[in-house]
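So the sequence shown is numbered by full-length UniProt numbering: it starts at 1 and just counts up by one.
Calculated directly from the structure, the hints in this document are not laboratory data. Backbone N, C-alpha and C fix where the C-beta goes; we use that ideal spot for every residue, glycine too. It is possible that some hints are incorrect.
[What the hints assert, rightly or not] Just the calculated beta-carbon pair ranges, DEER-fashion: (1) 343 x 289: 16 to 24 angstroms; (2) 48 x 261: 47 to 55 angstroms; (3) 22 x 264: 48 to 56 angstroms; (4) 332 x 115: 37 to 45 angstroms.
[As the list claims (entries may be wrong)] DSS-like mimics (lysine-lysine), calculated; alpha carbons at most 30 angstroms apart, straight line: (5) 41 x 74; (6) 115 x 64; (7) 115 x 83; (8) 280 x 184; (9) 111 x 184; (10) 184 x 263; (11) 41 x 83; (12) 263 x 316; (13) 265 x 184; (14) 64 x 74; (15) 167 x 184; (16) 265 x 280; (17) 167 x 115; (18) 301 x 184; (19) 41 x 167; (20) 167 x 64.
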Amino acid sequence: MDLLAACEDLAANTAVFDAVDDSDRSRWQALFGLSSSEAIKAIQEWRADFTRLTIPQEAWLLIKEAKMSEGFNKEPYEYSLSKAQTIQKRSAQERLPISDNSSTSNNEEAKFLVKMDCHTSADSVELSLCLPKKPNILSGIDDDGNTTRFCLLSNSEKTEFLGRLSKAHLLYQPTLIRVSIASKSLSPTSLYPTLGIDTTLPQFRLDNYQPGTDSSRISSLPLSLVRPAQDEYPVWYFFYGTLTDANVLSRAIGVSEKEDSIKYKRARIRRGRLFTLGRKYLALVDADEHSIVDGWAYLVKSQSEEDSLRVYETGKYEVVRCTIEFANENGGVIHGLTFRLAGLCVHMACQRR
1 MDLLAACEDL AANTAVFDAV DDSDRSRWQA LFGLSSSEAI KAIQEWRADF TRLTIPQEAW
61 LLIKEAKMSE GFNKEPYEYS LSKAQTIQKR SAQERLPISD NSSTSNNEEA KFLVKMDCHT
121 SADSVELSLC LPKKPNILSG IDDDGNTTRF CLLSNSEKTE FLGRLSKAHL LYQPTLIRVS
181 IASKSLSPTS LYPTLGIDTT LPQFRLDNYQ PGTDSSRISS LPLSLVRPAQ DEYPVWYFFY
241 GTLTDANVLS RAIGVSEKED SIKYKRARIR RGRLFTLGRK YLALVDADEH SIVDGWAYLV
301 KSQSEEDSLR VYETGKYEVV RCTIEFANEN GGVIHGLTFR LAGLCVHMAC QRR
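Given the sequences, and given the hints that come with them, work out the whole structure.
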């Protein structure tokens, strides 16, 4: 493109920066699945971009009849081309190979939330069709008290999802949020990970039963009773910080307090201790067998509910096994789970102290 042509395009772009009329708004709504306010905003931002893509008038005349039959005129067609190019560039960048093995590992561990609530039922259907075969749907309560649904995706699932979505609805832009999620990796053949216990030590191995020692009650368990298992639900969780507030918990898992579904039991755990993280939040770390932490137990009913809690706690924490002692009249002890400050975060926190 020569200098004269570039100046003509810039002048043409500047000339159309005016008010949005109803016909333009309606056309953009129909073509791109936007709400009224979104259509107006998209048009205004497009017209305000004086460097936006334009096609020569001669080229438009060649395809005008075909595109007009699809509902386009020249302006929204140029917009559609620009958005398509942006999506294709982003998809190409996501498919680039990464040579560093650690970067690959970190990328695969990355998690993303895609918002499932769309403006139209048609968009919602198209979105659901592009998700994995067994989507991990999470719920939460927003600031207005409304239930909001998200799908939790791995990095590879996100790439596949965007690829399918670009084919089904080229211009639809989903709401994607990168999140840090608390890790959960419970061994089926050992007690790893368990609060306050180094499972590499001989006394805590399952095949080393020693009557009369502190480890006897634990190490005598057969493999079939190493619990909770990775995918065992419902499962008891021990809470000690903000999640002991029913309002916080109900918002995190997407249920209303009015449904009376948030039921705690007074409880305690051993081999842990609390300290304040960042002068604001309580964090649980390993301690010896004489250390006791008081709190509350809650029965997590499903993986979806658990994943919502893992998103809430973030990657600073990890899910570990623990023994929960109930403090009611009948007492009782049960194997459950809790959130422990992750190893690297513990190291960093100790350095600041």
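(message) For the hint 47 to 55 angstroms, verify it against the beta carbon of residue 48 and that of residue 261.
(response) holds (48 angstroms)
(message) Given the hinted pair residue 167 and residue 184, is their Cα-Cα distance within 30 angstroms?
(response) The given pair, whose Cα atoms are some 34 angstroms apart, is violated under the 30 angstroms limit.
(message) Given the hinted pair residue 64 and residue 74, is their Cα-Cα distance within 30 angstroms?
(response) holds (8 angstroms)
(request) Would you check the hint for residue 265 and residue 280, treating anything up to 30 angstroms between C-alpha atoms as holding? (result) Roughly 25 angstroms between the alpha carbons, so the hint for residue 265 and residue 280 holds.
(message) Does residue 184 sit within 30 angstroms of residue 280, going by the straight-line distance between their CA atoms?
(response) holds (24 angstroms)
(request) Quickly compare the C-alpha distance for residue 41 and residue 167 to 30 angstroms and report which way the hint goes. (result) Given pair residue 41, residue 167 holds - Cα atoms ~25 angstroms apart, limit 30 angstroms.
(message) Would the hint linking residue 263 and residue 316 be met if the CA-CA limit is 30 angstroms?
(response) Roughly 26 angstroms separates the two Cα atoms, so the pair holds.
(message) Range first: 16 to 24 angstroms. Now tell me if the beta carbons of residue 343 and residue 289 are that far apart.
(response) holds (21 angstroms)
(request) Mind checking the alpha carbons of residue 265 and residue 184 for me, to see if they're no more than 30 angstroms apart? (result) holds (23 angstroms)
(message) Looking only at beta-carbon atoms, does the pair residue 332, residue 115 fall within the given range of 37 to 45 angstroms?
(response) Roughly 41 angstroms apart at Cβ, these two residues keep to the hinted range, so it holds.
(message) Run the distance test for residue 111 versus residue 184: straight-line Cα separation, threshold 30 angstroms.
(response) holds (13 angstroms)
(message) For a C-alpha distance cap of 30 angstroms, please report whether residue 167 and residue 115 respect it.
(response) holds (19 angstroms)
Hints 6, 15 from the earlier list are contradicted by this structure; the remaining hints agree with it.
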